[in-house]
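Residue 58 in the numbering used here is what sits at position 58 of the sequence shown, and the numbering runs on without skipping anything.
Each hint should be verified, as a subset may be incorrect.
As the list claims (entries may be wrong) - Dumping the calculated SDA-like pairs for lysine to any residue here, alpha-carbon to alpha-carbon at most 25 Å:
#1 K71 to R61
#2 K27 to Q44
#3 K27 to F47
#4 K27 to V13
#5 K27 to L5
#6 K27 to E10
#7 K27 to T15
#8 K27 to K50
#9 K71 to E60
#10 K27 to E7
#11 K71 to R56
#12 K71 to V85
#13 K71 to V57
#14 K80 to E66
#15 K50 to E60
#16 K71 to V82
#17 K27 to S3
#18 K80 to L68
#19 K27 to V9
#20 K71 to V83
#21 K71 to R55
#22 K50 to R37
#23 K50 to V38
#24 K50 to R36
#25 K27 to T63
#26 K80 to G70
#27 K27 to S2
#28 K50 to T63
#29 K71 to K50
#30 K80 to R61
#31 K71 to R52
#32 K27 to T45
#33 K27 to S17
#34 K27 to G8
Derived from the structure by calculation, the hints contain no laboratory data.
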Amino acid sequence: MSSRLSEGVERDVFTVSHRPTEHGTEKRYELTILGRRVYDWAVQTEFERKVRELRRVRQERETAFEQLVGKINRDMEIRKMVVDVDSSVDEDVDLPESTSIVQKEPSEEALREAHFERMEESLELITDDLSEENSE
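Please model the complete structure; the sequences and the hints are all you need to start from.
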């Protein structure tokens with residue numbers, strides 16, 4: 001400690017005053033103007049470091065809170081969807097005996113007939129005007 005104080009005195013950061021006491025001399029160290037500036041700078045730097053640290057912690061806390069709120073909202077939406085699906089499954093729907101919820105696929109023969117009907121509908125009739133032009 002004494003080497004640091006003597007180094008501070010050499011660099012004009014401290015001034016030393018001596019005061020006699022019953023047991024000898026007491027050294028008193030006081031900050032010079034330069035020492036006061038260095039001290040103020042150190043305090044300001046430490047203050048800024050603590051402010052940055054507190055902001056970082058607050059940001060982490062806010063981020064964690066926002067993530068928690070997002071998860072809660074997501075879970076509530078999923079729960080609503082599950083409740084909606086469950087309520088529609090539990091409802092008794094009165095259907096005639098001949099109907100079914102599952103749609104029946106048409107047979108291959110019905111599909112072929114529908115295909116040929118669509119092809120016939122898209123055909124265009126050849127008019128006499130075109131046949132006359134071809135004969136000339």
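(message) Tell me the numbers of any earlier hints that the structure contravenes, in ascending order.
(response) Violated hints (numbers, rising): 2, 3, 8, 25, 29, 30, 31 and 32; every other hint is consistent with the structure.
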